[in-house]
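I would like the entire structure built from these sequences, with the hints used as guidance.
Okay, here's what each chain looks like letter by letter:
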Amino acid sequence: MNHSDSLLGDLESTLKTHARELVENLEQGNFGEAVQLIHELNKARDRGLYHEVGKLTRELHTAIVNFQIDPRTPVAEEVSQITDATERLNYVVTMTENAANRTMDLVEQSAPLVNELGDEASRLKAEWSRFMRREIDADGFRDLARRIDQFLGRSERHAQTLSTNLNDIMLAQDYQDLTGQVIKRVTQLVTQVEQDLLKLMLMASSVDRFAGIQHNLDELLEAKKKEKGPTQAEGPQIAADKCDDVVSSQDDVDDLLSSLGF
Amino acid sequence: MKILIVDDFSTMRRIIKNLLRDLGFTNTAEADDGTSALPMLQSGNFDFLVTDWNMPGMTGIDLLRAVRADERLKHMPVLMVTAEAKRDQIIEAAQAGVNGYVVKPFTAQVLKEKIEKIFERVNG
Numbered sequence: 001m002n003h004s005d006s007l008l009g010d011l012e013s014t015l016k017t018h019a020r021e022l023v024e025n026l027e028q029g030n031f032g033e034a035v036q037l038i039h040e041l042n043k044a045r046d047r048g049l050y051h052e053v054g055k056l057t058r059e060l061h062t063a064i065v066n067f068q069i070d071p072r073t074p075v076a077e078e079v080s081q082i083t084d085a086t087e088r089l090n091y092v093v094t095m096t097e098n099a100a101n102r103t104m105d106l107v108e109q110s111a112p113l114v115n116e117l118g119d120e121a122s123r124l125k126a127e128w129s130r131f132m133r134r135e136i137d138a139d140g141f142r143d144l145a146r147r148i149d150q151f152l153g154r155s156e157r158h159a160q161t162l163s164t165n166l167n168d169i170m171l172a173q174d175y176q177d178l179t180g181q182v183i184k185r186v187t188q189l190v191t192q193v194e195q196d197l198l199k200l201m202l203m204a205s206s207v208d209r210f211a212g213i214q215h216n217l218d219e220l221l222e223a224k225k226k227e228k229g230p231t232q233a234e235g236p237q238i239a240a241d242k243c244d245d246v247v248s249s250q251d252d253v254d255d256l257l258s259s260l261g262f
Numbered sequence: 263m264k265i266l267i268v269d270d271f272s273t274m275r276r277i278i279k280n281l282l283r284d285l286g287f288t289n290t291a292e293a294d295d296g297t298s299a300l301p302m303l304q305s306g307n308f309d310f311l312v313t314d315w316n317m318p319g320m321t322g323i324d325l326l327r328a329v330r331a332d333e334r335l336k337h338m339p340v341l342m343v344t345a346e347a348k349r350d351q352i353i354e355a356a357q358a359g360v361n362g363y364v365v366k367p368f369t370a371q372v373l374k375e376k377i378e379k380i381f382e383r384v385n386g
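These protein sequences, in sequence, are chains C and X.
Take the first sequence: its letter number 183 is residue 183 in the working numbering, and every next letter is one higher.
Take the second sequence: its letter number 65 is residue 327 in the working numbering, and every next letter is one higher.
Simulated from the structure, these hints should not be mistaken for lab results.
Errors might be hidden in some of the hints.
Stated by the list, open to error - Computed Cβ-Cβ distance ranges for the label pairs, DEER-style:
hint : chain 1 : residue 1 : chain 2 : residue 2 : range
1    : X       : N385      : C       : N216      : 56 to 64 Å
2    : X       : G319      : C       : L41       : 53 to 61 Å
3    : C       : F141      : X       : D309      : 46 to 54 Å
4    : C       : R185      : X       : M302      : 39 to 47 Å
5    : X       : N385      : C       : R154      : 37 to 45 Å
6    : C       : R157      : X       : S272      : 29 to 37 Å
7    : X       : S272      : C       : T164      : 20 to 28 Å
To be verified - Quick partial rundown of chain X residues pointing at chain C, CB under 10 Å, derived from the structure:
hint : residue
8    : F271
9    : M274
10   : R276
11   : N280
12   : M317
13   : T321
14   : I323
15   : T344
16   : E346
17   : D350
18   : A356
19   : Q357
20   : N361
21   : V372
22   : K376
To be verified - Output of the computed footprint for chain X on chain C, the stretches with three or more beta carbons under 8 Å from beta carbons of chain X:
hint : stretch
23   : 95 to 106
24   : 244 to 250
A virtual CB, placed ideally from N, CA and C, is assigned to each residue, including glycine.
The following block contains the structure:
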């Protein structure tokens with residue numbers, strides 16, 4: 001940056017001094033001298049421009065090397081880190097989906113066992129109360145004793161199954177560790193790519209200065225704003241409490257809707 | 263009571279289906295976006311629609327608008343269950359005629375409350 005600043009300074013001072021000389025020469029009718037000066041001015045500008053374009057090209061090359069893309073191979077995209085990152089994120093999607101399904105399988109398997117035990121326990125409790133109130137005869141008691149015996153055996157088996165299922169549900173959460181590592185690596189890559197792009201952008205802006213190109217920033221921002229309508233889905237809000245235009249809880253949603261007459 | 267659950271993620275459809283079953287609604291069907299949901303609604307005698315917002319193909323808000331624009335479906339209660347949490351979006355859904363709005367992540371209790379409230383109003 002400093003170097004290009006000094007180059008730009010050189011260009012400006014050359015411009016200033018030469019401009020004065022140019023006017024003087026023109027006023028005195030020295031057209032040959034004047035043309036020579038214009039040529040000098042062009043050369044100074046070109047020097048700066050070539051220098052900046054050269055730097056930009058080198059930086060682009062470094063960026064390409066950093067992304068590990070070999071532009072000469074037809075399968076360049078396949079070896080790029082971005083493609084690799086996409087694959088990694090797909091892996092995360094698969095892992096989390098599998099874990100969610102595995103967990104729900106186990107919950108769906110377990111729920112009926114718990115319900116069955118609960119229901120039978122309530123029925124036996126009612127029978128047992130009748131027995132305690134001496135409302136059951138000898139035959140009824142034999143029947144109750146048999147059912148309690150069966151219930152105890154079933155409780156033991158179901159408890160065993162439930163314990164195994166709970167353990168498996170816990171193990172199904174192991175994706176967190178693996179996906180966490182993958183996501184961290186992709187985050188690092190994105191940060192790296194952003195820094196490289198920023199560097200390239202700064203270099204390109206130096207080229208713009210030497211070439212005298214100016215961008216209308218307001219127009220660009222306006223165009224960007226227009227791209228996003230309210231209907232556009234945005235997905236989960238990561239920092240809901242920091243944005244005014246985002247609700248941070250279901251209570252906020254309910255308040256907003258009731259203010260609209262819901 | 264026949265309910266259509268629309269979400270592009272099968273795990274979310276499964277969670278909602280399980281929660282609805284716990285609430286006593288066992289007659290459910292699933293679709294993965296508005297494009298596949300709309301013809302099901304038009305031919306399937308559904309009584310209630312639970313839909314996500316952000317889906318490929320046809321989004322939930324567009325599905326809601328299509329339902330309200332359809333002469334036979336326009337009175338169907340619609341509950342939106344979505345991660346979209348901008349005030350503008352909630353207002354937009356309300357204006358499009360949504361009957362309830364639940365933001366993800368949500369609890370079983372919240373889903374239950376909203377569904378009960380919708381049916382109270384529809385039956386009352």
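Against the structure, the hints:
no.: 1; hint: X:N385 with C:N216: 56 to 64 Å; result: holds (58 Å)
no.: 2; hint: X:G319 with C:L41: 53 to 61 Å; result: holds (59 Å)
no.: 3; hint: C:F141 with X:D309: 46 to 54 Å; result: holds (49 Å)
no.: 4; hint: C:R185 with X:M302: 39 to 47 Å; result: holds (41 Å)
no.: 5; hint: X:N385 with C:R154: 37 to 45 Å; result: holds (41 Å)
no.: 6; hint: C:R157 with X:S272: 29 to 37 Å; result: holds (32 Å)
no.: 7; hint: X:S272 with C:T164: 20 to 28 Å; result: holds (25 Å)
no.: 8; hint: F271; result: holds (8 Å)
no.: 9; hint: M274; result: holds (9 Å)
no.: 10; hint: R276; result: holds (6 Å)
no.: 11; hint: N280; result: holds (7 Å)
no.: 12; hint: M317; result: holds (8 Å)
no.: 13; hint: T321; result: holds (6 Å)
no.: 14; hint: I323; result: holds (6 Å)
no.: 15; hint: T344; result: holds (8 Å)
no.: 16; hint: E346; result: holds (6 Å)
no.: 17; hint: D350; result: holds (4 Å)
no.: 18; hint: A356; result: holds (5 Å)
no.: 19; hint: Q357; result: holds (8 Å)
no.: 20; hint: N361; result: holds (9 Å)
no.: 21; hint: V372; result: holds (5 Å)
no.: 22; hint: K376; result: holds (9 Å)
no.: 23; hint: 95 to 106; result: holds (count 4)
no.: 24; hint: 244 to 250; result: holds (count 6)
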